[in-house]
Structure formats: structure tokens, C-alpha cells
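A.B. asks: Spelled out from the first residue to the last, the chains are:
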Amino acid sequence: MEQTQWEYMIHIDQMTPSDLHDLMNAFGQDVWNLAYILTRRHDLADDIVQDVFLKAYSSIHTFRGHSAIKTWLLSITRNTSINYLRSAFVRKVTLFEWINTKESSPSAEQKVMEYTFSSEIWDTVLKLPIKLREVLILHAKYEMTTKEIAAMLQLSEGTVKSRLFRAHGRMAAYRKESALYE
Amino acid sequence: MSKGTEELYDQLKQGPFQHRTFTKDHMNRIVHEATKQNKRSSPTKSRLVWAAAAFVIIISIGTIYAYLKGNPAAKEVVATPPIVSPKVQESTSDIPVKPDKPSGQLGEQLPFTAEMVESITVKPSGKSTEIAVPKSRYTVITNGLYWEDLSIAKAENDTPDDKQVQIRIHTSKGVYSVPYSLDSNTYQLGSARYYADDQMLRLMSGLLEPDSDLAKVERLSAAAQEEVDRGEMKRNDNLTYKAERLNVDGKDTNGWLSQLGLQSKSYTFAKRYYNSLTQRVSNVLYYKETGIIASASEVIFLDSKFQTPDGIKVGLTKQQVQSKLGKPNMETDSSWDYRVGDSLKFHLYFENNEVIFISLTMPA
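Chains A and B, in that order, give the protein sequences. Numbering follows numbering that gives the first Met the number 0, in which position 20 of the first sequence is assigned residue number 19; successive positions increment by one, without gaps. Numbering follows numbering that gives the first Met the number 0, in which position 314 of the second sequence is assigned residue number 313; successive positions increment by one, without gaps.
In case anyone wonders, no lab produced these hints; they're calculated from the structure. All residues carry an ideal CB built from backbone N, CA and C; glycine is no exception. All the given hints hold, so there is nothing to weed out.
Facing chain B, a subset of chain A residues (Cβ under 7 Å, in silico):
| # | residue |
| --- | --- |
| 1 | 16 |
| 2 | 27 |
| 3 | 28 |
| 4 | 31 |
| 5 | 49 |
| 6 | 53 |
| 7 | 56 |
| 8 | 115 |
| 9 | 116 |
| 10 | 121 |
| 11 | 140 |
| 12 | 157 |
| 13 | 161 |
| 14 | 170 |
Below, computed lysine-lysine pairings styled on BS3-like, alpha-carbon distance capped at 27 Å:
| # | chain 1 | residue 1 | chain 2 | residue 2 |
| --- | --- | --- | --- | --- |
| 15 | A | 126 | A | 69 |
| 16 | A | 126 | B | 12 |
| 17 | B | 2 | B | 12 |
| 18 | B | 304 | B | 241 |
| 19 | B | 23 | A | 69 |
| 20 | B | 23 | A | 140 |
| 21 | A | 126 | B | 100 |
| 22 | B | 172 | B | 100 |
| 23 | B | 122 | B | 134 |
| 24 | B | 326 | A | 146 |
| 25 | A | 146 | B | 12 |
I would like the entire structure built from these sequences, with the hints used as guidance.
C.D. replies: Right, here's the structure in full:
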């Protein structure tokens with residue numbers, strides 16, 4: 000159903016601003032979440048989500064339906080996030096920030112509310128090394144198969160399974176450890 | 000899927016934050032930016048330019064090919080590849096890696112990216128020759144530097160080390176240099192020293208002290224990792240082993256770490272390292288007499304006097320291990336891993352079909 004709704008994207012060479020808005024409405028939060036989980040920084044997640052959708056907007060002609068559009072967006076997000084982490088980490092001053100500083104920013108209390116984890120498990124997940132974190136999140140949160148993850152990360156399926164296995168092991172150990180202190 | 004995994008997956012489907020963090024304001028701004036970009040370039044137009052460029056290139060190649068076909072002398076010139084001597088970059092021109100501020104994650108202050116790395120060499124002090132770091136181990140160095148938390152990893156002793164080596168990271172922008180001391184497992188970054196991680200300690204031991212026990216561990220761990228990365232791994236998820244069968248001399252990792260902690264003064268050396276996962280500085284302890292290497296989450300046994308209840312010990316062949324204990328849950332040519340609960344905790348490392356060392360690990 001979800002894929003059918005976006006099938007027309009396979010055939011277009013140029014998105015309209017309205018298409019872009021619809022796409023962000025449907026997948027913007029997913030993209031932001033993945034960018035945050037990989038970089039562990041709100042400011043980078045804000046920058047990455049902008050880069051991802053601008054890239055999707057300018058290169059929709061390269062999307063030809065080999066994967067679901069959500070997977071395509073997540074793939075761009077993952078690669079963009081890794082590039083941000085690997086790059087010189089120069090903090091880009093984006094249009095976002097400029098507007099945020101010009102306009103009234105949300106109160107500190109509101110910010111705290113916005114950035115409260117939905118579950119304590121996130122404290123633990125974000126401690127995982129990125130190689131384990133990304134496979135766990137793509138599998139658990141985004142419900143991608145190990146084959147899809149392998150294609151996205153350009154790894155063998157065996158390596159993905161091994162990392163997933165190690166991620167589960169570490170999560171179980173963390174949970175066991177925290178249970179001891181409760 | 001186990002109940003624990005199901006619960007974990009359910010929790011991960013929500014969040015990470017309670018509230019929406021991607022808002023309509025974000026969307027409006029991105030649409031605004033996209034509209035601006037759209038005015039600057041048109042993909043249709045740019046594809047026409049690329050098509051025209053491709054046409055010119057094809058015509059040029061065709062012309063050159065036709066010319067070469069009718070001109071044997073020219074063909075010879077083209078067929079001979081130019082011999083280029085490798086460019087030797089003098090260490091005097093190295094760019095030292097100096098963080099702007101002595102706090103936070105070093106990765107945010109590094110002047111190079113992992114993609115920029117062309118090669119990495121290690122230059123011992125007072126020697127003109129350099130040791131090439133294997134390509135598969137570049138990530139040990141780049142990741143180690145990237146995840147270094149300068150606030151936590153700062154070493155107590157800032158005294159420069161006479162024996163320190165230069166880790167030279169060759170990039171297209173130049174050679175970045177990081178002094179490193181194997182004695183203290185520290186980097187010199189600016190005016191202070193910082194503990195490197197345990198992977199770095201192993202790697203540098205492998206390069207600088209190839210006959211040491213740490214070098215042996217590094218060699219086989221690296222081989223096993225390369226096999227996993229190449230996908231040369233077999234899995235046997237259905238096998239389960241009782242935890243007691245995978246204890247060494249009656250103790251699991253925790254038991255051994257407690258015992259070694261109590262006997263902490265008997266070690267041959269203790270080297271501190273920064274653990275980026277726990278964000279703490281811990282010790283790698285080496286006991287030469289007993290052939291044990293221990294860190295905060297691993298105990299390694301290099302001597303055949305230690306064994307499991309089934310008699311699994313250093314020196315056995317794969318066939319002997321399989322008949323005494325059984326197949327591993329994960330298997331490569333160099334390592335066999337056995338699961339306890341959800342985690343692979345018992346590992347055997349092989350060379351020439353013989354157990355070289357046993358490793359007990361804790362996931363964290």
C-alpha cells in the first residue's frame with residue numbers, strides 16, 4: 000500500500016515542491032531518527048535531513064524502484080550520516096540555524112520535553128559502536144531484512160548477521176547489567 | 000525470536016524521542032531551499048550537457064583509436080605504461096595532529112577523514128625505514144583516533160617517550176603525524192598525552208614487537224576479523240552449550256577478572272587504555288608466567304595448562320575440539336566462537352589447525 004502510493008516517483012524526472020512536502024511528511028521523521036541514531040547529535044540530524052531531502056529532490060530521476068522509496072531515503076540518510084561523521088566535522092551553518100536564531104526559539108523546558116527518550120533502552124543503544132548500532136536499528140526499527148541491510152551497507156549478508164548477533168549480545172549484557180543495579 | 004529480542008524490537012520501534020523532532024518548520028525550510036536550488040539548475044539541462052560531453056569523448060576516443068591503428072610507433076608509446084617512482088614524503092613535512100581544544104571527541108577535530116587516507120605507516124624513532132600498516136587495519140587507527148574522548152583519555156604522565164614512534168597517515172592533502180608510545184599506549188596530541196584504545200595497543204604490539212604474545216593475539220584476531228568481513232563465516236544458530244562447559248579452570252570471564260584483580264600485583268606489565276564503549280580508562284594486564292592477557296572485558300589464555308571441563312586447551316586440533324566439545328556457533332578458518340545465552344563468549348583462535356589461544360569475553 001505504502002509502496003503503491005509512491006510508485007509514481009519511479010516515472011518522474013523532477014519532483015514538485017508539493018511532492019517533496021508529501022515525501023517529508025511521510026518519511027521525514029524516519030530520516031531524522033536514523034540520522035540522530037547514527038550521529039547522536041540533534042544539530043547534525045537537522046543538517047542531514049535537509050541534505051537527504053534536497054538530494055532526493057534533485058535526483059529523483061535516479062530512483063527507479065529497485066527498492067521501496069523509504070529504503071532509498073534511508074540509504075541516502077545512512078551514507079550522508081557516515082560522511083558527516085567521517086568528514087572534517089565542520090559545523091555547517093544552515094538556513095535552519097539562521098532562522099532559529101532570528102526567530103523566537105523554543106523555551107528550554109520545551110526543548111527538554113522534545114529531547115526526552117521514549118524509553119531508557121535508547122541510552123543503551125546509543126552506546127553501541129556504530130557498526131553494531133546501524134544494523135540493529137535498520138533491522139529492529141526499520142524492519143529491513145538482513146539482505147536489504149547488506150545491500151545498503153555494501154556488506155555480505157554474513158557480516159550483517161554477525162554484527163546483528165553481536166549487537167543483540169551486547170544489548171542483552173547491558174540489560175542484564177542494569178537489572179543487577181535495579 | 001526470543002521474548003527479550005521481541006521486547007527490545009518493540010521498544011526500538013518507538014522513539015528515540017517522545018515527541019516529533021522533524022517539524023513542519025523543517026519541512027517548509029527544506030521546500031524553500033529546494034525551490035531556490037531548482038532555479039539555479041535544471042536536471043534536464045544538466046543531463047543534456049553530460050550527453051553532449053559524452054558524445055565529444057566518444058568521438059575523441061574513436062579518432063585516437065583510428066590514429067593509433069594506422070601508426071604503430073604511436074601504439075607502442077601508448078602501450079607502455081609510465082613508470083612512476085613512489086613519491087617519498089619526508090617526515091619533516093608532516094602535519095602534526097593537534098586538537099584545538101583538549102576536550103570532547105577527537106573525531107570532531109581531526110583534519111582528515113577516513114576516505115582521505117591513502118596509506119598508513121609507522122616510523123620508529125631514529126630509523127629511516129617505515130613499517131606499512133596492513134590496509135585491513137587502517138580502521139583500528141582511524142576509528143581509535145575518531146572515538147578518543149580527550150576529556151577522559153588524558154594520561155596522567157605527560158612526559159615524552161624517547162622510544163615513541165610516528166604514526167604517519169598519508170592523505171592527498173599531506174602526511175598527518177601522531178606520535179605514539181607503545182610503553183604507555185599513549186598518543187601525543189598537542190602538549191598532552193592521551194591513552195589509545197586496546198585495539199591500538201594490540202596493533203602496535205604486532206607491528207613493533209612481532210614476537211610478543213600481544214602480537215600473536217593481534218595476528219590471529221586480525222585474520223579472523225578479515226575472514227568475517229569477507230563473509231567467510233559459518234553459523235550454527237541451533238546449537239546451545241551449558242555455560243559451565245565453557246568455563247576455563249572452573250571460572251567464567253567475571254570469575255577470572257575477579258581473581259586477576261585480587262592478584263593484580265603479579266602481572267608482568269599493566270598498560271592503560273581508553274575504552275570508547277564504556278568511556279573509561281582501564282588496564283590491559285599481561286602475566287608472562289601464566290600466559291594470560293586480561294582487559295576489562297576479555298581474558299586470553301595462551302598456555303595449555305588452562306582448560307575447560309571437556310579438556311579444551313591450547314594445542315588441540317580442530318578435530319579434537321569438535322569431538323570433545325562440538326561445533327561452534329560461529330566459525331571461520333581462524334576462529335571458533337561459542338555462545339552462552341545471547342552472546343558469543345568463548346572463542347578459540349587457530350593457526351595451522353591448532354588452538355593458539357582461548358578467549359573469554361563479556362559483551363560490554
